[in-house]
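Using the sequences and the hints given, assemble the complete structure.
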Amino acid sequence: MTDWKEECGVFGVYSTARNVAELTYHGLFALQHRGQESCGIAVTDGAWMDVSRGMGLVNEVFRHQIPFMEGQKIAIGHVRYSTTGSSLMANTQPLLVNYAGGKIALAHNGNLTNAAAIRRDLEEQGTIFQTSIDSEVFVNLIARSRKDTIEEKILDSLKKIRGAYCLTIMTEDKLIGVRDPQGFRPLCIGKSSGEFGEAFVVASESCALDVVDAEFVRDVEPGEMVIIDGNGLKSVKFATGEKRAACIFEYIYFARPDSVIDGQSVHNARFMMGRMLAKESGFRGDIVISVPDSGNTAASGFACEAGIPYVDGLMKNRYIGRTFIQPTQKQRKTAVKMKLNPIRASVAGKSVIIVDDSIVRGTTSGKIVKMLRNAGAKSVHMCISSPPITHPCYYGIDTSVRKELIAATKSVEEIREFIGADSLHFLSLEGLKKCTGAIDPEDMCYACFNGGYPVANENADKYVFEQQKC
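Just so we're aligned: the sequence shown equals residues 0 to 469 in the numbering used here.
Hints are supplied without guarantee of correctness; some may be wrong.
[To be verified] In silico DSS-like pairs for lysine-lysine, Cα to Cα no more than 25 Å straight-line: (1) Lys366 to Lys402; (2) Lys102 to Lys146; (3) Lys377 to Lys366; (4) Lys159 to Lys173; (5) Lys315 to Lys336; (6) Lys190 to Lys173; (7) Lys190 to Lys72; (8) Lys233 to Lys146; (9) Lys146 to Lys158; (10) Lys242 to Lys159; (11) Lys338 to Lys315; (12) Lys433 to Lys402; (13) Lys315 to Lys366; (14) Lys146 to Lys159; (15) Lys72 to Lys152; (16) Lys402 to Lys315; (17) Lys336 to Lys369; (18) Lys432 to Lys278; (19) Lys102 to Lys159; (20) Lys236 to Lys190; (21) Lys173 to Lys158; (22) Lys278 to Lys72; (23) Lys233 to Lys102; (24) Lys190 to Lys233; (25) Lys72 to Lys102; (26) Lys409 to Lys432; (27) Lys242 to Lys409; (28) Lys236 to Lys159; (29) Lys377 to Lys338; (30) Lys173 to Lys146; (31) Lys158 to Lys233; (32) Lys366 to Lys409; (33) Lys432 to Lys242; (34) Lys152 to Lys233; (35) Lys159 to Lys233; (36) Lys242 to Lys158; (37) Lys315 to Lys242; (38) Lys173 to Lys233; (39) Lys158 to Lys236.
The hints are simulated quantities; they were obtained by calculation from the structure and are not laboratory data.
The structure is reproduced here in structure tokens:
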């Protein structure tokens, strides 16, 4: 249960036979872990286009709206955690705009690293922005392009931007998916057919395909745009030769364990991280427990490798969202107490090995260690299935201030003292690279561990487009 705050999830569907709004609603449910601040669905029937958005969870925002969104053929959806711009209704997605070429709706997962410079240029040319999110740069670039077709306008716009982006874009007759040249964030394609009718789907994770009975076709390649319309699916490669840099934290924490990203099972990667932790740390104890839910798979891998029983040591309240979703530190602290409670019968009198995915600020880990001690644990040994996080991420994760990262200013021993654990071990970077066997380890981004940023960053602040923090 990390303090990381992930960005967004996107979903899109094209079908002339199925209720695309309902499919998108279900798809967003499967992606809810990627963002819980707000959500939205945009739909079109080929002529008319509309969007419905709101603050909160998918089932809260669309509790009474889905029945009124039937009869469409294309829909895109979005779940959001704010990484650029405050958590405000004005910043919810998908964005829907009218321009000279018609209507488009757009949903974005990631962060543009040169959005501030582009926005300044556009504002100097008279462009008016309605939000404080970097995603609005996309729609303005598309609207201002002098190219003829929507595909050409999008490609023209992509030449100007840098950073992390997975996009779902909807016109009156097309569903378009785009993945940045480095492949920072995941995007996949699915297809369903049979008694429920044919449908093409694009989604941030493969788990969203399963819930709408779509069969996984393939991942969208880095630097690829896919266009889905009445003629089927067409692919355009707009960038080649770029070095891949998929976010390693998708496998450590962000993605659901039942997803497969770029050919690598998230579950298998996390299980291997747990096994590697057991080998590296050499920790021995009476029981292995996890910080649920993101630490579960790694903890089971640790227990398997070490031959130590894996038991439930912390009870999670299933009716509260992920801790990282809370926008302020005060809210995060309260959420930890509401979310987790130790199981005294499991930990009392025991030497406890606890496995978590990461330590960011250290405050959450400290509270968990204290909980276990108060519940009677004889000793608490903390194992982390990632290396120390020493640098902020600029590609779609809200950690833009390095001084907030405890590992940037403290040694492992100092972190151990801060959180109050008897011992502490972080998975080594070399060990981590051995845990995603289906992917070349050099095709991953490890910038948060070593500062090796694959794309230069120009946006220093989440609130770069606002006069003040909200």
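Hints, one by one, checked against the model:
1. Lys366 to Lys402: This hinted pair holds, its Cα atoms lying about 20 Å apart.
2. Lys102 to Lys146: 16 Å, holds
3. Lys377 to Lys366: Satisfied, since the Cα-Cα distance of roughly 16 Å is no more than 25 Å.
4. Lys159 to Lys173: 23 Å, holds
5. Lys315 to Lys336: 10 Å, holds
6. Lys190 to Lys173: The hint holds at about 16 Å.
7. Lys190 to Lys72: At roughly 15 Å apart (the allowed maximum being 25 Å), Lys72 and Lys190 satisfy the hint.
8. Lys233 to Lys146: With Cα atoms ~19 Å apart, Lys233 and Lys146 stay inside 25 Å; holds.
9. Lys146 to Lys158: Holds: Lys146 and Lys158 sit about 13 Å apart, inside 25 Å.
10. Lys242 to Lys159: 18 Å, holds
11. Lys338 to Lys315: 5 Å, holds
12. Lys433 to Lys402: 30 Å, violated
13. Lys315 to Lys366: Judged against 25 Å, a Cα distance of about 14 Å means the pair holds.
14. Lys146 to Lys159: OK: Lys146 and Lys159 at ~14 Å, within 25 Å.
15. Lys72 to Lys152: It holds: about 23 Å lies between the C-alpha atoms, which stays within 25 Å.
16. Lys402 to Lys315: Given that 25 Å is the threshold and the Cα spacing comes to 30 Å, the pair is violated.
17. Lys336 to Lys369: OK: Lys336 and Lys369 at ~11 Å, within 25 Å.
18. Lys432 to Lys278: This hinted pair holds, its Cα atoms lying about 15 Å apart.
19. Lys102 to Lys159: 22 Å, holds
20. Lys236 to Lys190: Holds - the C-alpha atoms of Lys190 and Lys236 are around 21 Å apart, at most 25 Å.
21. Lys173 to Lys158: 21 Å, holds
22. Lys278 to Lys72: Answer violated: Lys278 to Lys72 is near 52 Å, above 25 Å.
23. Lys233 to Lys102: 21 Å, holds
24. Lys190 to Lys233: Distance of about 14 Å is within 25 Å: holds.
25. Lys72 to Lys102: 15 Å, holds
26. Lys409 to Lys432: 24 Å, holds
27. Lys242 to Lys409: 32 Å, violated
28. Lys236 to Lys159: 16 Å, holds
29. Lys377 to Lys338: Between Lys377 and Lys338 the Cα gap is close to 23 Å, so the pair holds against 25 Å.
30. Lys173 to Lys146: At roughly 17 Å apart (the allowed maximum being 25 Å), Lys146 and Lys173 satisfy the hint.
31. Lys158 to Lys233: 20 Å, holds
32. Lys366 to Lys409: 18 Å, holds
33. Lys432 to Lys242: Satisfied, since the Cα-Cα distance of roughly 17 Å is no more than 25 Å.
34. Lys152 to Lys233: Judged against 25 Å, a Cα distance of about 16 Å means the pair holds.
35. Lys159 to Lys233: Holds: Lys159 and Lys233 sit about 23 Å apart, inside 25 Å.
36. Lys242 to Lys158: Holds - the C-alpha atoms of Lys158 and Lys242 are around 17 Å apart, at most 25 Å.
37. Lys315 to Lys242: Given that 25 Å is the threshold and the Cα spacing comes to 40 Å, the pair is violated.
38. Lys173 to Lys233: Given pair Lys173, Lys233 holds - Cα atoms ~11 Å apart, limit 25 Å.
39. Lys158 to Lys236: 12 Å, holds
Comparing the model with each numbered hint stated earlier shows that hints 12, 16, 22, 27, 37 do not hold.
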